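Student: Protein chains in written order, with the working numbering: chain A, 10 to 250; chain Z, 10 to 250; chain V, 10 to 250; chain C, 10 to 250.
Any given hint could turn out to be false.
A pair holds if it fits inside one copy or across any two, identical chains being indistinguishable in the list.
Claimed, not checked - Dumping the calculated BS3-like pairs for lysine-lysine here, alpha-carbon to alpha-carbon at most 30 angstroms:
#, residue 1, residue 2
1, K22, K220
2, K75, K230
3, K22, K75
4, K230, K22
5, K119, K75
If you're looking for bench data, these hints aren't it; they were derived computationally from the structure. Since we're looking at a predicted model, the values are computed, not measured.
Protein chains: 4
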Amino acid sequence: MSGYGSLKEQAWKANVELPQTGLVVHTFGNVSAIDRELGAVAIKPSGIPYAHLRVEDIVVVDLQGKLLEGSLRPSSDVKTHVHLYRTFPDIGGIVHTHSRYATAWAQAMKPIPILGTTHADLCPGEIPCTKVMSDAAVRRDYEEETGEQIVTTFRSRSYEETPMVLVACHGPFAWGRTAEQALYHAVMLEEIARLALLTLQVNPRVPRLKKTLIQKHFQRKHGPDAYYGQRHEGSKGATRR
Amino acid sequence: MSGYGSLKEQAWKANVELPQTGLVVHTFGNVSAIDRELGAVAIKPSGIPYAHLRVEDIVVVDLQGKLLEGSLRPSSDVKTHVHLYRTFPDIGGIVHTHSRYATAWAQAMKPIPILGTTHADLCPGEIPCTKVMSDAAVRRDYEEETGEQIVTTFRSRSYEETPMVLVACHGPFAWGRTAEQALYHAVMLEEIARLALLTLQVNPRVPRLKKTLIQKHFQRKHGPDAYYGQRHEGSKGATRR
Amino acid sequence: MSGYGSLKEQAWKANVELPQTGLVVHTFGNVSAIDRELGAVAIKPSGIPYAHLRVEDIVVVDLQGKLLEGSLRPSSDVKTHVHLYRTFPDIGGIVHTHSRYATAWAQAMKPIPILGTTHADLCPGEIPCTKVMSDAAVRRDYEEETGEQIVTTFRSRSYEETPMVLVACHGPFAWGRTAEQALYHAVMLEEIARLALLTLQVNPRVPRLKKTLIQKHFQRKHGPDAYYGQRHEGSKGATRR
Amino acid sequence: MSGYGSLKEQAWKANVELPQTGLVVHTFGNVSAIDRELGAVAIKPSGIPYAHLRVEDIVVVDLQGKLLEGSLRPSSDVKTHVHLYRTFPDIGGIVHTHSRYATAWAQAMKPIPILGTTHADLCPGEIPCTKVMSDAAVRRDYEEETGEQIVTTFRSRSYEETPMVLVACHGPFAWGRTAEQALYHAVMLEEIARLALLTLQVNPRVPRLKKTLIQKHFQRKHGPDAYYGQRHEGSKGATRR
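Just need the whole structure built from these sequences, with the hints factored in.
Tutor: What follows is the structure in structure tokens.
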């Protein structure tokens, strides 16, 4: 028994749940989890169908992406994952999917505007979209640079308040304090992306949600005086099971 | 055994049915039921997944929202529910969801126009949308004021003929003589919201349904001479099981 | 045992299959079947959920809609059904639904244009939409007049070649040589309605399918030289099970 | 036991999987597989529901479409299939469906533009749409000419890099080295067709994906240095099960 058993179990569980959320087609999506004390990241192997995935297939790498355990190749997006873990110290899990509505917004190169309280329950502003990657960056180290694109987008934003992003022309990444919470954020992002498109189809000139409503809804779930859910956790009460 | 057993059972049953309707994602939705003789309202606890909900988790409050029975916190929307029960004397159940199409219309801040007989079978005019809440009201007592917004919208309308509303920027509320009927109204509201958007996508300049057709369809289900369904109940024959 | 057993069984089976097609919400849809020799029409009772429907609940009426057998009220649309059976001598079953995309076109008061070979496989031209009923007709005898609206629409058309119609502001009716075939036509109508809307969303200025392609596809399934399917039935080979 | 047992099994398996992909309604879709050594093509019989299909129902024809084995009529599209097998030497399976979004683009007579990396993972450019068939060709030999239309479209393109096409006014065909891979391509084509429409609904003026990103994504899955998936197969690593 390796010392990564519990971490691999956590990553395996979240990857296996992924297709049940309806967010992925075939093998297009992956979840990772980190153990900060061990400096180890557990991630889905590349191109393996979820239905066949076993705990022992999960690949473990260090924060530079170097293999620590596993006989399979990690997800081709592994460098993006470790780049985010290195830069965002408080995240414990990352999910990448090509979920339909979030991917449509990413391909459209548009941030998702905040149009209602369902969105404000999750985060207090638009879901940002990265810039399109430069040709030089694509050629340099594509997956590493995808991480860098995301990090740049969060220079002027809190990655904790907005635990998700659209990578232009590509698709969404979401994160959280755990892999399970990251998965919850990926599900809600897809829902919000869908609601936003429908809303604009009903009324293309609808204004953004006003600040008092954003603050009210975000605070009642995430602020120090949050009163949604059963326990005072400071934030993210909605993700408990 | 408390005296609220049957009421809690009713509220529990409707909450558990909620995810089967496809109207909710995660814990974003709640149902309540009232026993007018006991002056007691049974409602879903906040942030508990439907799959884990037990009858004993249901929270009972009085018409001011004061706890009567239960060890969990009630839904954060409880004040909206009791406000509606206090003001609409003939309702027995309330459902709140973030169902996709109804929420899209609510976020678009548009009433749902009456475009066909499916809508007229349910209610005899547009589904109204509240005004956006003032900043002062948001800060005062948000959930109470949400109830007040709804009540104001029904000043010039019958809450019995139109048992549902869109809260601007937020989502739908539906009610009925029982929690089960409220759930039926929430399902039909979502269907009508979806049909209306599709209809406008086919023909953006379609006129409203004409009055004679509205009256004919509404009366054949709800009027004193209703002939839809098997029994003369005066109204709402369609909801029997 | 009544003499209507086999007819009721046929109608019951098709009504029970209806919700499995995804075409109906709650009790909003009905199927009937006729036995021309007996002059008897078997139809769903009004407002009874499909899941609870038993063969003995099926109501039998004559071609004027007069009760022949059954203890429940027939569907409120029964007069429309018998009107069509009286006027279209070669049909054996009728289906009425409020299926989403067909209803959207009906509410939009637009015929469904023929845009592709999937449509031409089914019928050789647009799916017609009736005119909106006059106020006088609504007040006279609504369900009877709905039948009359449909019949008028087919004055200049073959009800055998185009076994379906949109009733303006209301929804679709489909028919066939049997109740089962009518159900097949209702399913394909919904599919065609959906494809047509999507096609126009991709390209709003797309032309109608050209005549040679319409004829080719319709003839290979329905003409005297049809070569789709396994047997030469003259038409509708696709509906065999 | 005939010598076609294994080939028929392969074609049967892919046809039976077809309805599980959600790509087909009723019997509107077919898969074939070829054994190049035997010069034999196994294909679905015409108009038989997938649920009732048995291995022995699969029809075997030669590369001119002449019957080699089977008691049922082959799919009416058989001449299109054999035309493609004759012209594209490296394909082993073909899938034809009327899947919704791909058919909408085909009916709209528009190629699917390349708008994101999900598309570039599959093929390095737009999904082409054939020209509309001339009246003379329709009358000459419709299914043969459908094959010819497709072949003409690939005069200036690699059928290996872009293993799929939209037949104008009709629907999609996809192919692959095996029937199973063809099925995978049909599923991904539908997903890409859907993503492209949603993307244009979010942003009608979105530019095409830039070349460096197309090349990067296509090469990481299909080039000589592909690093997606577990094995170096040269291409199509994503389709392994």
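Student: Indicate, hint by hint, whether the structure satisfies it.
Tutor: To see whether the hints hold, each was checked on the structure:
| no. | hint | verdict |
| --- | --- | --- |
| 1 | K22 to K220 | neither (38 angstroms within a copy, 37 angstroms between copies) |
| 2 | K75 to K230 | between (38 angstroms within a copy, 21 angstroms between copies) |
| 3 | K22 to K75 | within (23 angstroms within a copy, 41 angstroms between copies) |
| 4 | K230 to K22 | both (26 angstroms within a copy, 26 angstroms between copies) |
| 5 | K119 to K75 | neither (34 angstroms within a copy, 45 angstroms between copies) |
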